[in-house]
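Quick mapping for you: the protein sequence lines, in order, are chains A and B.
If you count by our numbering, then the first sequence holds residues 1 to 110, one letter each, in order.
If you count by our numbering, then the second sequence holds residues 1 to 112, one letter each, in order.
Among the hints, erroneous ones may be present.
[To be verified] Restraint ranges, calculated between C-beta atoms of paired labels, are given here:
(1) I53/A - A17/B: 46 to 54 Å
(2) G54/B - S57/A: 44 to 52 Å
(3) Q45/A - G54/B: 41 to 49 Å
[Claimed, not checked] Residues on chain B that point at chain A, a partial pick, calculated with CB under 10 Å:
(4) V4
(5) F11
(6) N12
(7) V13
(8) S28
(9) P44
(10) G96
(11) Y98
(12) P100
[To be verified] On the chain B side, residues computed to face chain A include the following (Cβ under 8 Å):
(13) S49
(14) I99
(15) G103
(16) G105
Bear in mind the hints are in silico, worked out from the structure with no lab data behind them.
Where is the CB? At the ideal position from N, CA and C, for every residue including glycine.
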Amino acid sequence: SQTIHQWPATLVQPVGSPLSLECTVEGTSNPNLYWYRQAAGRGLQLLFYSVGIGQISSEVPQNLSASRPQDRQFILSSKKLLLSDSGFYLCAWGQGVGYTFGSGTRLTVV
Amino acid sequence: RKEVEQDPGPFNVPEGATVAFNCTYSNSASQSFFWYRQDCRKEPKLLMSVYSSGNEDGRFTAQLNRASQYISLLIRDSKLSDSATYLCVVNLVTRGSYIPTFGRGTSLIVHP
Chain A
1 SQTIHQWPAT
11 LVQPVGSPLS
21 LECTVEGTSN
31 PNLYWYRQAA
41 GRGLQLLFYS
51 VGIGQISSEV
61 PQNLSASRPQ
71 DRQFILSSKK
81 LLLSDSGFYL
91 CAWGQGVGYT
101 FGSGTRLTVV
Chain B
1 RKEVEQDPGP
11 FNVPEGATVA
21 FNCTYSNSAS
31 QSFFWYRQDC
41 RKEPKLLMSV
51 YSSGNEDGRF
61 TAQLNRASQY
71 ISLLIRDSKL
81 SDSATYLCVV
91 NLVTRGSYIP
101 TFGRGTSLIV
111 HP
């Protein structure tokens, strides 16, 4: 069965520090992968998606970047965090018949 | 106009009640549709897909109206455990890939 792992679960980082969140998928090949952010009391905002190794599409201009170095690995990064980067970050995989989410990373930038 | 719109609620209903949520979408080329459930501070989880002919899963019924561009979710005999936020998801094919767009969610509170 397919599983998706995301870590860490919570993170507190100072403004200006770097960020690296990792997501890995097991039990499937060549998945479409997605990064979402959910700010407090808000909906899910699609940040990046990837249809294959090295292929990244950005949905919104921002302070973040994504990479897919391996088929089942998706990484979200920032060189310098802003206060506005705080939120609940969710990785998901799917093929159009439904999407499965990781358990998320709750990031607080202080 | 937002791509996917939902009434944020909250819908506050007693146990045993029937409650319905609607979700409208703006892009007529949308391909597939889903309802997700999100508990507080947790990740969303797939509740059910929505098919053109309508579909039912126990107490839950989902329907799609392509002409009016909305989907609905009906919950019968509400349970306390149904309390959650229900997210509408619309899939659009963009550059050959499925791009899921989420509504902001409708909050349901079921009370004794």
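Consistency of the hints with the structure:
With their beta carbons about 49 Å apart, I53/A and A17/B fall inside the hinted range of 46 to 54 Å. Distance hint for G54/B and S57/A: a CB-CB separation of about 33 Å, inconsistent with the stated range 44 to 52 Å. The given range of 41 to 49 Å is broken by Q45/A and G54/B, whose C-beta atoms sit roughly 30 Å from each other. A hinted interface residue such as V4/B counts as satisfied when its beta carbon comes closer than 10 Å to some beta carbon of chain A; here the least separation is about 8 Å, so the hint holds.
Evaluation of the F11/B hint against chain A yields a violated restraint, the C-beta minimum of about 17 Å exceeding 10 Å. At about 18 Å, the closest approach between the beta carbon of N12/B and any beta carbon in chain A exceeds 10 Å, and the interface hint on this residue is violated. A distance limit of 10 Å between C-beta atoms decides the matter here; for V13/B the minimum to chain A is near 21 Å, and the interface restraint is violated. With a least beta-carbon distance of about 18 Å to chain A, the hint placing S28/B at the interface is violated under the 10 Å criterion.
A distance limit of 10 Å between C-beta atoms decides the matter here; for P44/B the minimum to chain A is near 6 Å, and the interface restraint holds. A distance limit of 10 Å between C-beta atoms decides the matter here; for G96/B the minimum to chain A is near 8 Å, and the interface restraint holds. Given the 10 Å rule on beta carbons, the hint for Y98/B holds: about 4 Å separates it from the nearest Cβ of chain A. With a least beta-carbon distance of about 6 Å to chain A, the hint placing P100/B at the interface is held under the 10 Å criterion.
Interface hint status for S49/B: upheld, as the beta-carbon distance to the closest one in chain A is roughly 6 Å, under 8 Å. With 8 Å as the threshold, the beta carbon of I99/B comes within range of chain A, its nearest partner Cβ sitting at about 7 Å, so the hint holds. A cut of 8 Å between beta carbons decides the hint on G103/B: the least distance to chain A is about 6 Å, and the hint holds. The restraint placing G105/B at the interface with chain A holds, with a minimum CB-CB distance near 6 Å, inside the 8 Å limit.
The structure fails to meet hints 2, 3, 5, 6, 7 and 8 from the earlier list, while all remaining hints are met.
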